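Based on these hints, arrange chains B and C on the given structure of chain A.
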Amino acid sequence: MQTLEGPEPVTPAKLAPLARPPLEAMSGAIGPDAAVKLHAEDVSVLYGERVAVRDVTLDVPEHSVMAFIGPSGCGKSTVLRCFDRMNDLIPGATVRGRVELDGEDMYAPSVLPVEIRRKVGLVFQRPNPFPMSIYENVAYGPRRHGQKDRARLDEVVERSLRQAALWDEVKDDLRKKSGLALSGGQQQRLCIARTLAIDPEVILMDEPCSALDPIATLKIEELISQLKAEYTILIVTHNMQQAARVSDRTAFFTLGEDRAGYLVELDDTLKIFTNPANQLTEDYVSGRFG
Amino acid sequence: MKRSLTADRIATAVLWAVAVFVITVLVAIIGYFLVESIPTFSVSFLFSDPSDTAIGGIGPVLWNSVYLLVLTMLFTVPLGVLGGIYMAEYAGEGRLTEAIRFSQELISSVPSIVVGLFGFALFVATTGWGFTALGGALTLLVFNLPLLMRLSEQAIRAVPADERAASLALGSTKWQTIRHAVLPVAIPGIVTGIVLTAGRVFGEAAALLFTAGLSTPVHYDFSNLNLLDPRSPWSPFRNATTLSVYIWKSNSEGLGDFVHQVANMSSMVLIVMVLIFNLGSRWLGGALQRRISGL
Amino acid sequence: MTTVESSLSRAQPGLRARLDVPRRITLAAALVVIGAVALLLGFIVWRGLQLFVASGVPVAQIFTTAWQPDPLSAGTNYGLLPFIGGTLAVMAVAAVIATPLSVGLALFLAEVAPGWARRIVQPAMEVFVGIPSVVYGWLGLVVLVPYLRTQFGWMGFATGFSWFAGSLVLSLMILPTITSISYDAFVVVPADMRSASLALGTTRWQAIRHVVLPTAATGVATAIVFGLMRAAGEALAVQMVIGNAPVIPTSLARPVTTLTSQITLDMSDATGTWNEALWTMGLVLLIISLTFVLIIRRLGRRSTPA
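Chains as they are written, first to last, in my numbering: chain A, 243 to 532; chain B, 13 to 307; chain C, 620 to 925.
Bound-form chain A, shown alone (with noise of 0.2 Å):
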């Protein structure tokens, strides 16, 4: 198996045991006439005084997965964040250009950011979950919306459960155990069920794999796989074959020489990889780029 750390280069052939569907099939998949879900145009992100990326312009179409891939600081955890307006939390931080999510002006100041974090959920780099039960975890999203009703909070759990693929390994002490026993995997498969449980239309994950083992890794992006059915999913990760096996389309970013990320080329997976446009993306996916 490769390595799940650090940038390895993508072969054609080490892509064709993953079965994927030839570049034109998975570009139409995708086409232009897809529903736009989440558009950026020009989006910068300051901490206080400095850049920490810059005009960033991009489109997420509809059930689709992207991955955001790029050297660590360049940025991508960033612009995540600004598709929940998470950044909005972080002192000095402040977002400028536009974000969208389905033509709506994320920004606005009629626009709360409670109401687009009901929309968009975020999955964290390191699980996080509560220090309660199981059930309680998942429960925690529709409890704080209003829902109050037994049988539904059942029913929410069971299905968020199973979507994430957990509800097997955990459904007979569901109550009894708390989210904090469960195995690093499991603890971010409770997490992503966590998210469902909301109901998002949007699900962020900000590097979901990065404090798991090969074998919890392949489980959360068998996950992703199916999710993208009803999803649209927007994953950053520092592991090529992961943004690879998972994503539709793959963004590539960089630091540039302002010490300010930025975003270099944004394409369908198979082309960042086989045939990046950027002599940038090239050395990055091939592994000349440290």
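Derived by calculation from the structure, the hints in this document are not laboratory data. Be careful, since some hints might not be right.
As the list claims (entries may be wrong) - Taking beta-carbon pairs under 10 Å as the criterion, some of the chain C residues facing chain A (in silico):
no.	residue
1	696
2	734
3	812
4	813
5	816
6	819
7	820
8	834
What the hints assert, rightly or not - The following residues of chain B were derived to be distant from chain A, with all beta-carbon distances above 10 Å:
no.	residue
9	68
10	106
11	192
12	251
13	302
To be verified - Here are the computed distance ranges between Cβ atoms for each label pair:
no.	chain 1	residue 1	chain 2	residue 2	range
14	C	920	B	173	33 to 39 Å
15	C	683	B	106	41 to 47 Å
16	C	919	A	414	28 to 34 Å
17	C	920	B	178	56 to 62 Å
18	B	29	C	664	36 to 42 Å
19	A	457	B	192	49 to 55 Å
Quick caveat: nothing in here was measured; it's all calculated off a predicted structure. Even for Gly, the Cβ is constructed at its ideal location relative to N, Cα and C.
Positioned in the frame of chain A, the structure of chains B and C alone reads:
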């Protein structure tokens, strides 16, 4: 949705209101003493003798506070710092360590009036000294020692492991390492601890009522250097009513106009002193830190 | 290091290492604490039991309500219930007043306050801690008590000296204690717990209410117990405003008394059995604080499961 947003706004407003309220109370307390004492305050109040007929001064009781502070710290500092070194560097996991820790916790939780009773039983009655500065200081030692021990221990534990490892790698013994590598780095923390502990001595009264005594000294003759003469202000074997105890006494002795005024001004002096100790400890710790890391 | 020392250590490395003088010296210093506790417990327990041992007062008598200690009057009775009841009552009401304020302030500092507000409130808390208890007492005596008497006389505050005055003064004194310990409990709740809640679209208050508070519950409980412990043991400030009436507390507006204030008041004059009863009060106080220490230890174990 709407309800939870409203709840969020209300809760945020309530938390702000709590903070504003508490700060207002504090400002009001300090303001009260400032307003009450400034009109009659003069520097001579700090140094002159008390009087039964006019405002007079708090010279002797202020002297006693300082005297008791020095005497207490004379015992507390070496024992507290050495004990802290033991707890940070030598103490293992055993029953002895557990017993020391439990004792520390216990003493810190015993009401100061009970510590005062204990001081009375041991240093006043059993020794036959009567009410003395020494008895008061030893009583204060009892409840300041665990505090300083803990603060020193924390300061020493905060020293990075590399400092230790580097010294031990050079073949130094454990004590040499502690003495030359660990303590110099821990000094700012320890000094902060010492000053904080000292501040407590200034404010304490309940533990001193039955140990250092309650009688108001009238006049001190500082030229009397005979340490065994109970009339000498330098002697540890004498009644030593401190400023805090003096304020408490004001409430039992009728509320004449000037008694009232003296207590207000004394309170102000006490607050200022304690503030100086608190701010001073932070400043001194910071200054030492800069000095040491600069070297 | 001097040459003498180094030659010594070369000559007899084993002996020096075995003796390990610094270890022994520092250990001796640490043992002083154990010695002090042993002596303190010994003296307080011994003197506290004299009421029963030397004067033959039946133990059951301290659980009665009549306090008639004066040996010159006919029929003495050493009922300590008014003092124990007063201590618990004053302590409880103080905690009821101080807890919401302190926990609110701790939440403000940990969750809500912008940097500038924290830079004001945190030093202010240190000033609060620093103000000596006699100063609080004095303030209560010259400001609070007259205020209660003149403004709230119609509510039964005949003199102003009252259970309520005692509790109010105490609540100010335990406020910084509860605040700082609960603040510590809030800040150790991992930041990503809050983010997780917010990322699910909850408001900040929902995150506080349903994640931060439950996670920090044990720490907040510990903070309250510390506050109670301090309130039970505080002497002078309470004594100055409480009115010192040895009755079972029934009205917040009426004078009551506590163990600490009675000891403070009577210790210098009382002799004989009366004096012994004061020591018994000290013993009761010691038992109360010991109970609190044990509760805190138990809570501490619960917050850090093995």
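* **Non-interface claim for residue 68(B), where every Cβ of chain A lies beyond 10 Å** => holds (54 Å)
* Within 28 to 34 Å or not, the Cβ separation of residue 919(C) and residue 414(A)? -> holds (33 Å)
* Asked: Does the CB of residue 696(C) sit less than 10 Å away from some CB of chain A?
  -> Interface hint status for residue 696(C): violated (53 Å vs cutoff 10 Å).
* residue 920(C) versus residue 178(B) beta-carbon gap, inside 56 to 62 Å or not -> Distance hint for residue 920(C), residue 178(B) is violated at roughly 37 Å.
* Asked: Is it true that residue 920(C) and residue 173(B) lie within 33 to 39 Å of each other by Cβ?
  -> violated (27 Å)
* Asked: Does residue 816(C) pass the interface check with chain A, least Cβ-Cβ distance below 10 Å?
  -> Interface hint status for residue 816(C): holds (7 Å vs cutoff 10 Å).
* Could you check if residue 820(C) really has its C-beta closer than 10 Å to a C-beta on chain A? => Result: holds, 3 Å to nearest chain A Cβ.
* Interface-negative label, residue 192(B) against chain A, beta-carbon threshold 10 Å -> holds (40 Å)
* Asked: Regarding the hint that residue 834(C) lies at the interface with chain A, is the smallest CB-CB distance below 10 Å?
  -> Hint holds; residue 834(C) Cβ to chain A Cβ min 6 Å, cut 10 Å.
* Per the hint of 36 to 42 Å, is the separation of the Cβ atoms of residue 29(B) and residue 664(C) within bounds? -> Check failed, 47 Å falls outside 36 to 42 Å.
* Asked: With a cut-off of 10 Å, does the beta carbon of residue 813(C) approach a beta carbon of chain A closely enough for the hint to hold?
  -> Hint on residue 813(C): holds, closest Cβ of chain A at ~8 Å, below 10 Å.
* Return holds or violated for the Cβ distance of residue 457(A) and residue 192(B) against the range 49 to 55 Å. => The hint (49 to 55 Å, Cβ to Cβ) holds, given that residue 457(A) and residue 192(B) are roughly 51 Å apart.
Consistency with the previously given hints fails for numbers 1, 14, 17 and 18, ordered from lowest to highest.
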